[in-house]
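**Q** The residues making up each chain are set out below.
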Amino acid sequence: MNDIVWIIVEAVAKVLFLVLILQLTAAATVYLERKISAFIQIRVGPNRVGPWGTLQPFADVLKLFLKEDIVPKAADKFFHSLAPIISLGIALAVWAVIPFGDYFMIGDRKIMLGVAPDVNIGVLYVLAMTSLGVYGITLAGWSSNSKYSLLGGLRSSAQMISYELSMGLSLLAVVMMASSFSLNDIVAIQEGWGGWKWNIFLQPVGFFIFLTAAFAETNRAPFDLPEAEPELVGGFNTEYSGMKFGMFFLAEYANVATSSALISLIYLGGWALPFSPEAIGMQEGSILFALLQTLVFVLKVIFMIFFFVWVRWSIPRFRYDQLMYLGWKVLLPLSLLNALVTAAVIVFAI
Amino acid sequence: MIEEYLPLIIMLVLGFGVAVLFLYLAEWLGARRTTHGKQTTYESGMEPLGTARDRFSIKFYMVAVSFIVFDIEVVFMYPWAVQVGELGLVAFWTMTVFMLILFAGYFYELKKGGFEWD
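The listed protein sequences correspond, in order, to chains F and E. If you use this note's numbering, the first sequence corresponds to residues 1 to 350, in order. If you use this note's numbering, the second sequence corresponds to residues 1 to 118, in order.
So that you can see chain F by itself, here it is in the shape it has in the complex (with noise of 0.2 angstroms):
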């Protein structure tokens, strides 16, 4: 009973402690967009608010909250409300099975870095609630009783959809070679052969694979067609204003924050280090051993947040017919050949 109280104390204290966080992350995830995107076309970017500019996010959500909520006469009220719910509130479960790192040790109790990254369904949690998330964008387009939205979410509905099933595929072969479907369990074996191991050299092919679909699954560039401005306006969120339309943003950021952390977690080798906390004179389970695993999680989740932006601003936004013909005739076959060959590679050589 006392065991169960103190498991209650430290998730609610863990998840309050990472929902502040990822709304910081977010926010800095806005902020290296408009900043990179800024030095890439030769301009300063955001410099007024706080030094180089680093409080203009939160300037920006800060207006957004004292905006008026506008929804349009002819909107479905309810499912107007709760699209922006789902979206954000998606957005930031996600985050319950990603371990920032190993564990540290408070005494006798062993603390995860994260909320509950040892659970044995992370992978197919991680999968579960990206396909939600489409809900929150379809039921966005639909309930808005606008042209423009219900074409961006009609659109992003099918892309998204569309992709998650190369995504899912990509991800089998991972989970063959960890044998489980805990993200801490993938990020062990990418372990050892000083980075050699790590799945991006390991599984070439289904990473390609995954950092394209991750890239139609968060709508971004070049596959933002859902919110294409010159023909759509914004896409699902015209009709949005707002709050409303601020955790439509904040969900979207917090979602390319997810995939980055995802692409660190499951190809780069996410939180490992190539050296025993022995090696450098720590103990198995100290905090500063584990700070340390964070901070290279971290990097790696900053660098893909860069690559994101880079290339926004580096491909052309595909058409929708080339997007289609992408996902379903290039990237479906080539993710269950890749996931029967890493099974037949499993099966035979080890």
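Source of the hints: derived by calculation from the structure; they are not laboratory data. Take these hints with a grain of salt, some might be off.
For lysine-lysine, the following DSSO-like pairs were computed, each having C-alpha atoms within a straight-line distance of at most 27 angstroms [to be verified]:
(1) F:67 to F:197
(2) E:112 to F:329
(3) F:67 to E:38
Given chain F's structure and the hints, the job is docking chain E onto it.
**A** Showing chain E alone in chain F's frame:
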């Protein structure tokens, strides 16, 4: 069991809780100066013609149907994938046959033009 899943459930509840909180905060803090013009549906400055509750392209339905078919096949593969090493040869050849059948269906839909988008 419960020790592992309890934090997950707490995260789900609090994640959605934050989203709901945001909505209420915005309602409480936000301005309220609504006019008739603000409440009309946006259509590039024109009076909206009809509603958006209209028929739309059948291709979106096609994508959804194909997705459901393939997604269910993928779900079948997960339990096998976790145990692929231990289950060994018999399971591997069984899954190969399963995937061949899946590929047959895939090529049928491909040749029938189910994935065309023009």
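**Q** Quick check: which numbered hints come out false for this structure?
**A** 1
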